[in-house]
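Protein chains: 2
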Amino acid sequence: MEQATPTTATPIRFETHPDRYIHWRLEIEPPLARLVMDVDEEKAQRPGYPLKLNSYDLGVDIELADAVQRLRFEHPEVRAVVVTSGKDRVFCSGANIYMLGSSTHAFKVNFCKFTNETRLSMEDASAHSGLKFLAAVNGACAGGGYELALACDHILLVDDASSAVSLPEVPLLGVLPGTGGLTRVVDKRKVRRDLADAFSSLGEGVKGKRAVQWRLVDETVPLSKFAARVPEKAKELAAAAPARNAPGVELKPLEGKYTKDGIEHRYVTLKVDAGARVAHLTMKGPDAGELKDAAGMRKKGSDLWALRAFRELDDVLLDLRFNRPEVGVVVLQTRGDAANVLAADQALLANKEDWFAAEVLHLMRRVLKRLDLTARTFYAVIDQGSCFAGSLMELALAADRSYMLAANDGPKIALSAMNDGPLPMSNGLSRFETRFLAGKPEIPRDQPMDGDEALEKGLVTFSPDEIDWEDEVRLAIEERASLSPDALTGMEANLRFAGPETMETKIFGRLSAWQNWIFQRPNAVGEKGALTLYGKPERARFTWTRT
Amino acid sequence: MEQATPTTATPIRFETHPDRYIHWRLEIEPPLARLVMDVDEEKAQRPGYPLKLNSYDLGVDIELADAVQRLRFEHPEVRAVVVTSGKDRVFCSGANIYMLGSSTHAFKVNFCKFTNETRLSMEDASAHSGLKFLAAVNGACAGGGYELALACDHILLVDDASSAVSLPEVPLLGVLPGTGGLTRVVDKRKVRRDLADAFSSLGEGVKGKRAVQWRLVDETVPLSKFAARVPEKAKELAAAAPARNAPGVELKPLEGKYTKDGIEHRYVTLKVDAGARVAHLTMKGPDAGELKDAAGMRKKGSDLWALRAFRELDDVLLDLRFNRPEVGVVVLQTRGDAANVLAADQALLANKEDWFAAEVLHLMRRVLKRLDLTARTFYAVIDQGSCFAGSLMELALAADRSYMLAANDGPKIALSAMNDGPLPMSNGLSRFETRFLAGKPEIPRDQPMDGDEALEKGLVTFSPDEIDWEDEVRLAIEERASLSPDALTGMEANLRFAGPETMETKIFGRLSAWQNWIFQRPNAVGEKGALTLYGKPERARFTWTRT
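Chains as they are written, first to last, in our numbering: chain A, 1 to 547; chain B, 548 to 1094.
Accuracy of the hints is not assured; some may be wrong.
Here chain B is said to cover these stretches of chain A; the calculated rule only asks that three of the stretch's residues, wherever they fall, bring their Cβ under 8 Å from a Cβ of chain B [stated by the list, open to error]:
| no. | segment |
| --- | --- |
| 1 | 174 to 186 |
| 2 | 197 to 203 |
| 3 | 326 to 336 |
| 4 | 425 to 437 |
| 5 | 521 to 527 |
Don't read these hints as lab results, they were simulated from the structure.
Note that CB positions come from ideal geometry on N, CA and C, so glycine has one too.
So here's chain A without its partners, still in its complex pose (with noise of 0.2 Å):
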């Protein structure tokens, strides 16, 4: 059975700061940080389940992305970081088994997401800022903890004739490794297929050469060289990675005002109407005069447009997936003058090479990723006093569906550069590019467009006049509401990522669709299922029927 949603429970939120975090210490000493894990085990999320072994739940992982985060922004100079752990023989033993155990589906499936994209951001960090990741595994790590590991650039594995990395899910729970594990096993790394099977169903791991030598880990050094070979191997991470300059941009709390019914924030407003599980993304626009060189970008930092208003999007949309799971249809709607969205995003693209700007749109990237991946219906409403141009037309282009009203003196739509590359999706297309597969139309950038030529080019799904669009919209959103949650969640995850797979896109629709089809079957959720008899003395008992 469906667990009811504690709607009692606090809500979670997902702003930190390395002053409060609870599980991790970052430490940096330039051009190394080390990010240690040492998980307070009395402090879990929420009561019933102590975090022991350096096991994780969602507020661990709300750390370590802030602490990703904050690494590109606030230390420009680290260029190599070591995640390691602060407890004796053991890195990391996975997602707590009995927080997973003790959650509902939802929550689950949303934790398993969050969790994926905190180690793409660090994927993301190497690729895109050459911040590189050494996993300096000091002990145990299985599962999510191989997970971790596995989302760095190197993995050095102590040998100290203990130590292994292993995936025990399987074996063990019955479940899948489902933080992207198996797919980085084989896609990333490389693992052949039969060693990455034998490696997934044997629940104590591998260690020494045998690690090595099936692509699971990058070295082994034996206890007496790992202290010496940890910071040997970040140098020369380090040294590979353009260097950059400190001082960083300081990430402000964004302060926002949190409500049953929504959530105010300075560009990014929330308005929840729960009976008719509908609620309406406000994103506001520049002022005027937002800065054009870089200098002054950095000295605005965290409170330039394009920097604050996309954080705000992502908060939002984070409080909507864990906060508001019975919001099925979210309105995307801007506010503003298109004319200076354009002219911040021009800003930002004009100054690309200065590693500040790189860093907002990297974030403008990363974020409107989220919004893809987030399973609620999004639809456009491009109406009067709306600004979908550039980077705010990315959120139409993102969007299920848009409606556009058609009138004279209506609104406009425009596309700019920030369309044609900047912020990929995860297949690695513009969302362009995406929409367009059979064949791109002509559309001059930087051109405001009404409702009907918005429709003639297929840049909106609808364009109804004024007689119309009232009721019309309101029957399109009615009518999604209506829908099963459950069919529109796999209806959009298939229609969103038309053309080309990546790694990321494999881990999020085929890793995790299967991940969430175990996560409920009986044989791991049921009474007698595997993860629902984890640590208790009696056995799962599996209905064998294969399908």
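Given the structure of chain A, go ahead and fit chain B onto it with the hints provided.
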């Protein structure tokens, strides 16, 4: 709750013949054929659901799969096939909902997989044999009916003010169009994702000009011109296809012996140990002196080893999927002389410009894909007397793991040109390439290798010596058979398809996985689920939580 497998059910057989078709008529008028769907509603595969409105069940699809296969072998002179309906005002209304609603989860999943393979076999015939398909949509075309049309090269829709194409699964049933529909709409036909979204949530579908504008069909014609346009367009498709001369090669019945404990075919046998949930599948190589020239091979026809042996393998795989759902591990073995296998392979490759030899190779490719997509563990056991060479080495490369005895005068394996491209997986790569994504080892072709060498080259997973052999293989099988069947299915679905994704792998990996998840959700199959309540006065009641 999981429904029990109806063990008393009559086993399903997959061999049929046009003379025995119940639901289809195959009419040959070279260079055209007509494949007319005219479902007998009283003759469903099992009692309980009349097949109204040209809806289909597995029995209907088995005939379609047979027809497509026979056209390629028995009617090489046919170059285009008109797929149409023998009913008035309805082309096909898709998979029968009452059949789905009353099926076990495992049956639903396997039914969808088989129908997907059948649709892909049509596209395969088009791509590889130049056999073109015209969907002559003479009435309502809904769900799986539209998915059938999507598998054709050209969709011609009658414009009679009522006939529409539709994918009504999401709004009406709370499940996905699961026979490749969503993927084909955006990836094959390149329908814009927002239009695909609107289309897939519209119960009544899209008709007339809009269906063309949205790229859902290629052409509409008024009813008055439909009868003339169909053969005209079909002849155009046939004219564009490379000509082939009759006579064809008859696919004679396999005449296997089926018992509770297994199957005996001429070259392939299956022995089931039901208590251990293990089956032994053994494939015999050819005798010496297989024919080397195209004319001789055609004369030998369906008694040619490669054709017969792989048809038998196909039959056994389908039997495993549908009739033996509790078998978890399939041990793949071979018996015979490797030199004979290599000679038979070589004869086929040397004559691949001949249509018949080419068709045999295409069939081998399709059967091996069926193996890759069968949700059972495959372990290749390479022991004394085996002949894992060339095409039969593909069995070992397709297996999740392989165990090879290392001994003096022990078994040998060999690669040949057959492993380098003629038999690609669904991901477009050979099994050899998929295995060695990190870099291919240098391995001479057509050279026998013993267990030690095979292990060193990475061609087998483990190579125990004579002392360990029996225990190691036995334990490996026992251990595997003890693991959660769901977790194994998910793990294998991820590890087998390393590397690139194609439309085909997206259908099986992404779309099917989401559909399997939904097929397990209370919103679809619970007491108040949409699939359960379809056709009843009561409306579905959803749990609104989004995941």
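Cross-check of the supplied hints:
1. Chain B is given as covering the segment 174 to 186 of chain A, and this holds because 7 residues of the stretch bring a CB closer than 8 Å to a CB of that chain, at least three being needed.
2. Residues of the segment 197 to 203 of chain A lying with their CB closer than 8 Å to a CB of chain B number 4, which satisfies the three-residue condition for coverage.
3. Residues of the segment 326 to 336 of chain A with a Cβ under 8 Å from some Cβ of chain B number 3, which satisfies the need for three, so the listed coverage holds.
4. Counting residues of the segment 425 to 437 of chain A whose beta-carbon sits less than 8 Å from any beta-carbon of chain B gives 4, enough to reach three: the coverage restraint holds.
5. Evaluation of the coverage hint for the segment 521 to 527 of chain A: fulfilled, as 4 residues show C-beta separations to chain B shorter than 8 Å, against a requirement of three.
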